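Residue numbers (our numbering), protein chains in the order written: chain R, 1 to 246; chain Y, 1 to 246; chain B, 1 to 246; chain H, 1 to 246; chain G, 1 to 246; chain P, 1 to 246.
Hints listed in this document are in silico derivations from the structure and should not be mistaken for laboratory results.
Note that this is a predicted model, so its numbers are computed, not measured.
Ideal placement from N, C-alpha and C gives every residue a C-beta, glycine not left out.
Careful: at least some of the hints might be erroneous.
Across the chosen pairs, the derived CB separations fall in these ranges [claimed, not checked]:
hint	chain 1	residue 1	chain 2	residue 2	range
1	Y	Glu65	R	Lys233	27 to 35 angstroms
2	Y	Glu31	H	Ile62	55 to 63 angstroms
3	Y	Ser155	H	Asp152	50 to 58 angstroms
4	B	Ser13	H	Ser240	47 to 55 angstroms
5	R	Val167	H	Glu31	56 to 64 angstroms
6	G	Gln163	R	Pro156	21 to 29 angstroms
7	Y	Glu31	B	Glu144	31 to 39 angstroms
8	Y	Glu166	H	Pro146	24 to 32 angstroms
9	H	Glu31	G	Asp152	41 to 49 angstroms
10	Y	Glu31	P	Gly196	48 to 56 angstroms
Protein chains: 6
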Amino acid sequence: MLIHVVNPNTTESFTRKIEVAAHAAASHNTEVFATQPDMGPVSIEGFYDEVFAMPGMLVRIIEAEKKNVSGHVIACFDDTGLDAARMAATAPVVGIGEAAFHAASLIAYKFSVVTTLSRSIPVIEHNLMRYGLASRCARVRAAEVPVLSLEDPNSPARARISQEIEVAKSQDGCEAIVLGCAGMADLAHSLSEEHGLPVIDGVSAAIGLLEMLVRSNLRTSKIGAYSKPLGKKYTGIFVSFAPHNN
Amino acid sequence: MLIHVVNPNTTESFTRKIEVAAHAAASHNTEVFATQPDMGPVSIEGFYDEVFAMPGMLVRIIEAEKKNVSGHVIACFDDTGLDAARMAATAPVVGIGEAAFHAASLIAYKFSVVTTLSRSIPVIEHNLMRYGLASRCARVRAAEVPVLSLEDPNSPARARISQEIEVAKSQDGCEAIVLGCAGMADLAHSLSEEHGLPVIDGVSAAIGLLEMLVRSNLRTSKIGAYSKPLGKKYTGIFVSFAPHNN
Amino acid sequence: MLIHVVNPNTTESFTRKIEVAAHAAASHNTEVFATQPDMGPVSIEGFYDEVFAMPGMLVRIIEAEKKNVSGHVIACFDDTGLDAARMAATAPVVGIGEAAFHAASLIAYKFSVVTTLSRSIPVIEHNLMRYGLASRCARVRAAEVPVLSLEDPNSPARARISQEIEVAKSQDGCEAIVLGCAGMADLAHSLSEEHGLPVIDGVSAAIGLLEMLVRSNLRTSKIGAYSKPLGKKYTGIFVSFAPHNN
Amino acid sequence: MLIHVVNPNTTESFTRKIEVAAHAAASHNTEVFATQPDMGPVSIEGFYDEVFAMPGMLVRIIEAEKKNVSGHVIACFDDTGLDAARMAATAPVVGIGEAAFHAASLIAYKFSVVTTLSRSIPVIEHNLMRYGLASRCARVRAAEVPVLSLEDPNSPARARISQEIEVAKSQDGCEAIVLGCAGMADLAHSLSEEHGLPVIDGVSAAIGLLEMLVRSNLRTSKIGAYSKPLGKKYTGIFVSFAPHNN
Amino acid sequence: MLIHVVNPNTTESFTRKIEVAAHAAASHNTEVFATQPDMGPVSIEGFYDEVFAMPGMLVRIIEAEKKNVSGHVIACFDDTGLDAARMAATAPVVGIGEAAFHAASLIAYKFSVVTTLSRSIPVIEHNLMRYGLASRCARVRAAEVPVLSLEDPNSPARARISQEIEVAKSQDGCEAIVLGCAGMADLAHSLSEEHGLPVIDGVSAAIGLLEMLVRSNLRTSKIGAYSKPLGKKYTGIFVSFAPHNN
Amino acid sequence: MLIHVVNPNTTESFTRKIEVAAHAAASHNTEVFATQPDMGPVSIEGFYDEVFAMPGMLVRIIEAEKKNVSGHVIACFDDTGLDAARMAATAPVVGIGEAAFHAASLIAYKFSVVTTLSRSIPVIEHNLMRYGLASRCARVRAAEVPVLSLEDPNSPARARISQEIEVAKSQDGCEAIVLGCAGMADLAHSLSEEHGLPVIDGVSAAIGLLEMLVRSNLRTSKIGAYSKPLGKKYTGIFVSFAPHNN
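So here's chain R without its partners, still in its complex pose (with noise of 0.2 angstroms):
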C-alpha cells in the first residue's frame, strides 16, 4: 500500500525527519512519501497559524489522491485541518495528535501530553475533547521550547522536554507520555529509555493506524460530518480550490 504524509508546514527539514519515522513504521510492504504545502507558515503555534496551514495541506490531499493513495496522514500534532480532508479524500486520513492519544489509551491507564509551546495547549484541549479521550489524559504540559528548535541541535529543546516528562511523571499520575510535535519524532525512543516508561510519537502511531483501517477495508463515512463537499463557486485566489459536485 502507498500512504502519503502531510507536513503542514513548509519547513523541508520537519519534512525529511518525518518521512523517516514513518517509513521506520511502516510494514515491510507499504511505501511512504511526504509532502508540504508550498505556501503557509514554516511553524503552527496556535491557531492563526492553522489556517495559513490548511489550504496549502489540503492541495496536497487532492493531489495525492490522484495518486491512488491507501491513505494520508496529518503530521502536525493539532491535526490541522484533520475534518476537512477527511471530506475532500476518499482514502482514510488520520492525524498523528489523534493517532497519538489513541495509541496511548491502549498502554497505559492515564497519559500526559508534553508539547512545545503553551499556547498550543487549547488546541491540543479542545482536540482531546472533540475524540472523546480528555478523561484518558491527565494533563497537557508545555516545555516552552518553539518549534523550529527541535531542528537545531545545538537547542536546549531536548533537555527541556525531558525536564517535563520528570515532571509529569511526578505530579500528574500519568503512567506514559505523548510527544505533543511532530518534530519530537526521533526523540521517543532515546526518552522513553531515559524515563522508564512508554514515550508515544504520533507519526509511527498514525503510520499504523492507517494500515489498520486499509488492512480492515475501513474508509471514511460519507453518510454524515464527512460527506463529499457541495458543488459550489469560490472567489478570488481560491477559485480553484471549490468543490465540483459530478
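Chain R is already provided as a structure; the job is to place chains Y, B, H, G and P on it using the hints.
Frame of chain R; chains Y, B, H, G and P shown alone:
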C-alpha cells in the same frame, strides 16, 4: 462605538441582510459596518468550506483593526475562524453562534438549534462542547435547506425551518429555538410570533454581547490561548499574512 | 429602557455601590435604579442566608414589574433566587454570577473565580455546573474575606483579593479573573491594571447582557421551567405572596 | 432513635400520608414524627413555590434540633432547602429525592423518574446533576398531574402515573421507576406489582438512609459547605431567623 | 432479617474483623454472618487478583441465597464481582465501596478516598465513574500500605493512613474521608476523632443500605443488566457453576 | 511478528471463525494463532458469564507469553479480563471491543453498536465510558440474537442484525456501525455493502492496532494500573495462578 461585522462567505446579498440585522440591534451611539472577504466560498456548508473562508475573513479583521474598531462580529453560525481572529485582533471578537447560545441560556432552561444542512450539525456540536454549553442544548436539527436558498424568496426554506421548529417543540423539551445560520436573521421575529416561544438570531445577540464587553472595558485576554501570533515567515500566496512581532 | 437592579442583601451601602457600577455600564438611553429587600440578611454567605434573602428580593422583582421595567438584574454573585425570579417576572432577569461567567467565556479560554469565603465555593460550583460553563472555569477560589469587610476601606480585603489573583495566575492556567461578589464591583478596573489580565465584574456584565436581550426582543421563555407560577393558596406570613392565575 | 420528617408544604393530609410511609419503613426501635410549616404554599410546583416553602421548613428543622432528634428527612421530592437545612442542623439531613436516587442506583443500572408536572423536571434534573447521579437516570418524565390531585381519590392521578410508567418501560431502557413526589408514597407497592419492576418511594428510602447514617455514627461534615451559618443581623419579618455564633 | 457478608479474599482474620464491624452497624433485629471463599487470593490488590477472587465469592453468594438471606454485602472496597452477584442473587447486593460513596454524598459536598496501594486507584476511579459519583470525589489517594499490613498491629499502616488524611484535608478541599479497604473498618472512629471530620467505613454503610432496601421492599431489578444468567454449558473446573434456567 | 488471539469462550467453531478473520487482517509477515480456554462458558452473555471466562483466558495469555508472542488480542466484544491480562502480560494486549471503537472514531463522527442481547448493553456502555469514547457512540443496540445463534447458518441472526442496522441508520444519526460480537466477524463486509456505510469488525481492527503498537515499540506501561501482579498466596483450585515476584 464602531463595530465591524464580517460575513465570512463571499455572497454580497448575505452581507447586506446581516448588516440590516446588526444595525437594528445596535444601540443609539453604535455604528456598524459589514464586510465580506474577496476570496473563498459563496456559502459555508461543512468543514471544507470553512478552511477557505478563514484567510479572507482574517484579512477583513486585520483591516478593520487599523480603523480602531471597538470590536468584531463573525457572522457565520459556525463561528468560522473565531479563535484565530481573537489572536489577530486587539479588540474583542464575538461569533454569532456562541452569541446565540449565550443569549438562549439566559432565557431558557434548554434550547434547540435549527440549522441549514445536516452536514453542519457536527461543526455546531463541536462548538457547543468547546464553549461548555452542550448541556443546555436539547438537540441540533437541520431543516435541510441549502444556505443560499435563504436568499431566494421563492424557496421553501422558511416553511421547512418552521416545520422543524414545530418538531423541536413537540419532541425536544426545548423552551427556545436558536436559528443556526446568519442568513436566517430576518426570520427570527415572525417565527417567534408563529410558534409562541423565543427564537434567537445570533447577529443581534452578538452585537449586544460586543457592546456589553466594550462598556465593561473587557478585551480578549492576551496571556494564553489568544496571545498575539508569533512572528515568523509565511510562504507562497500567504507570504503577506505572516505575523510580525515588534 | 429602564433596568431594575436588586441587591438581595439588606445593606444599603452595598446597594449604592452596585448602583454606581450599573450606571457606569449602562448605555446612553438606559436608566437604572437599584433596590434592596426590607427583610433578610445583611450579607449572603452560604446556603442558609440565601433562603432568607429570596422572599424579600422577589417582593422587589414583583414591585418593579408593575413599573414596566425592561429587565431585572440580581446583584448577588450566587444568583440568589434567579430561577424563581424568572418565573415571577415577564421581563428578562440576569444574575451577576452568570453574567460574569458568560462575559469571561467570550474573552478567555479559561477563567478563575475569586470569591469572599470558602463556604460560597460550592454554591458557585453548583451554578457553573447548572449553567454548563464549569468546563470553562479553571478554579473557584476564596480570598477568605467576609462580604461586609468589602464595605470597610481599612480592611485588608482588597489586598487579600489581589494576592489570591496572583496565586490563580501562577497556578490555574487561567487567562481572566471573575470577581465573585457584587461588593467587589469597584475593584475590577484597578485589579486588571495591576495584574495585566481581564478582571470581570458581574454587575457591568449583567447590565450589558440585559440590554442585549432587550434590543434583541428576547424575554424569558414561558413554556417550560419558567412558566408563570400556578395559582394556589399560601399560608402564614407568606399569604400575600401567593401567585394568582387570571 | 428519633427521626423528624418535615413536609415542606402546608397541606396537613400530605403530612399524614408521609408519616404513615415513614413509620412503615422505620426499624423496630425508631420513632418518627412528622411536621409541616405554618407558612408557605399548599403544594410545591416549581422554583417559585420553593422559595416560600423553605423558611417555614427551616423553622421546623431548628425546633426539632432542640428535641435532640437523630436526624431529619425533608419530604419533598425537590429536596427543597436541603443545603440550608444541613447548615442549620447538627443531626444529619436526607432529602427524599436524593434518597430515591441513591436507592435506585443500588438495584438498577438505569432508572426513570415519574413526577407530577413538567415544570418540576428542571428542578429534578438540576438535583441529579449536583448529586452526581444524572448518568444513572434514563429520563425524568411528568405524568402531568397536579400535586394536590394525589390527595383526591377520584382524580385520574394514579392512572396517569401508571400510563407514564408504561411509556418509560418501553422507551427509556430503564430497569426501575422512581416516584417523583412525596404524595405518591402510598402508590409504590401496587405500581411495582402492576409493572413488574422496582418502584421506589423516596420517603421509605430516606428513613433507611438516615438510620444507616445514625448507626454508622455519621453526621454532616461541618468543615466546608455545610459549616454552621455565620452570626449576623437579619432584618424585617426574618429578624428572628438570624444565626448566632456563640 | 438475615444479612450475608462475604469477604472476597481468603484471609480469615479479615473476615472476622469485617464481621465485627457489620454486627456493630446492624439494627436490633438483624442477624449478620460472614463468609470467605475457599479459593483465590489472600488479598486483592489490582485487577489480576480480582479475577481469581470472583468465582469463589460467587459460590458463597449462591450458597447464602439457599438460606433465604435478605441481602448480601460484598466486603471488598473494589466491589469485586458486584455486577455478577446481582445477576446470581434474588436478594439485593451492596458493595462496600459503593456504600461508602453513597454515605459520603449524604454528609459532605466533596469527599476524598484513602486506599491501600496506588495500583488500586484506577479500579476505584472506574467504579466512581460507573456509579456516577465521580464528581463528588475530590481525589482518590493511596497510603501505600499493603492490604495485609492492616492485619499487623505493629505495622505503620494506621500512621500512614492518618498522614494521608492530613494531606487530603489540606490539599483536596474535601469535607469527609472514605476509607478505601475493608480491612480499615476498625479505624474509622478513631481517625474521625483525630482529624475532626467524618471518616466513613464502607462495611457499616453497606449494612445500613441493605437494611434500607429490605425495609423498603426493594430488590435488584430483573428486567435488564441484572437479569438471571442464561442457562448454558460451562466446561472444565467451572462445570458446576453453569446457570440453569428452569 | 507472532500474535496470539484468545477467544474467551469455550466454543471451538467460534475460535476458528475468529482465527480466519485475524489471518485476513494481518500483514504479510505476521503470524497469528488462536486459542480458547478449557474451562468456562460456551458463550459470554452478561456479567456472570464473564467471571467464569476470565481465569481460563488468563491461562492462555500466560502460556502465550512463554512463547514470546508480540502481543495478544482478547476476542470477546466485552473485552473480558482486559485489565487483568495487561497486568499479567509483558506484550501489549488489545480487546476487540476497544479496537472497534478506536477504529470507528477514525472514520466517523458518530457510530452505533449492534450487539447480540440487550443484557450486554450495560457491559458495553461501561467500557465506552471507561475508554473515554462514550461521546462518540450514538447508541448501543441489541439485535436480540443469542451469541451461539451466530454459529447456526439457518438462524435468523444475520437478518435481525441487518434490520437493527437499518433502524440505527434512520434514528441514531450514526455514520458507521460497530458489530458487537466476535462471532459477527464474517458479516462485516456484506453488511457494509448492503447498507452503504462502514461496518466495523473488532477482530481485524485489533490485529491492526497490535501491529501498530509493535512497530512503534510500544508495550503496556508497567508503572501504574498495569504493574506486574504482586507476589502472594492463592488458595484452592487457583493455587497455581498465584503471581510470583522474583
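Structure-based check of each hint:
Checked against the hint of 27 to 35 angstroms, the pair glutamate 65(Y) and lysine 233(R) passes, with Cβ atoms roughly 29 angstroms apart. At about 59 angstroms, the beta-carbon gap between glutamate 31(Y) and isoleucine 62(H) stays in the expected band of 55 to 63 angstroms. Against the hinted window of 50 to 58 angstroms, the Cβ-Cβ separation of serine 155(Y) and aspartate 152(H) comes to about 53 angstroms, which satisfies the hint. Distance hint for serine 13(B) and serine 240(H): a CB-CB separation of about 24 angstroms, inconsistent with the stated range 47 to 55 angstroms.
The hinted range of 56 to 64 angstroms is satisfied by valine 167(R) and glutamate 31(H), whose Cβ atoms lie roughly 58 angstroms apart. About 38 angstroms separates the C-beta atoms of glutamine 163(G) and proline 156(R), a value inconsistent with the hinted range of 21 to 29 angstroms. At roughly 46 angstroms, the beta-carbon separation of glutamate 31(Y) and glutamate 144(B) lies outside the given 31 to 39 angstroms, and the hint is violated. For glutamate 166(Y) and proline 146(H), the hinted distance range of 24 to 32 angstroms is satisfied, since their beta carbons lie about 27 angstroms from each other.
The given range of 41 to 49 angstroms is respected by glutamate 31(H) and aspartate 152(G), whose C-beta atoms sit roughly 44 angstroms from each other. For the pair glutamate 31(Y) and glycine 196(P), the supplied restraint of 48 to 56 angstroms holds, since their beta-carbon distance comes to about 53 angstroms.
The structure shown violates the earlier hints numbered 4, 6 and 7.
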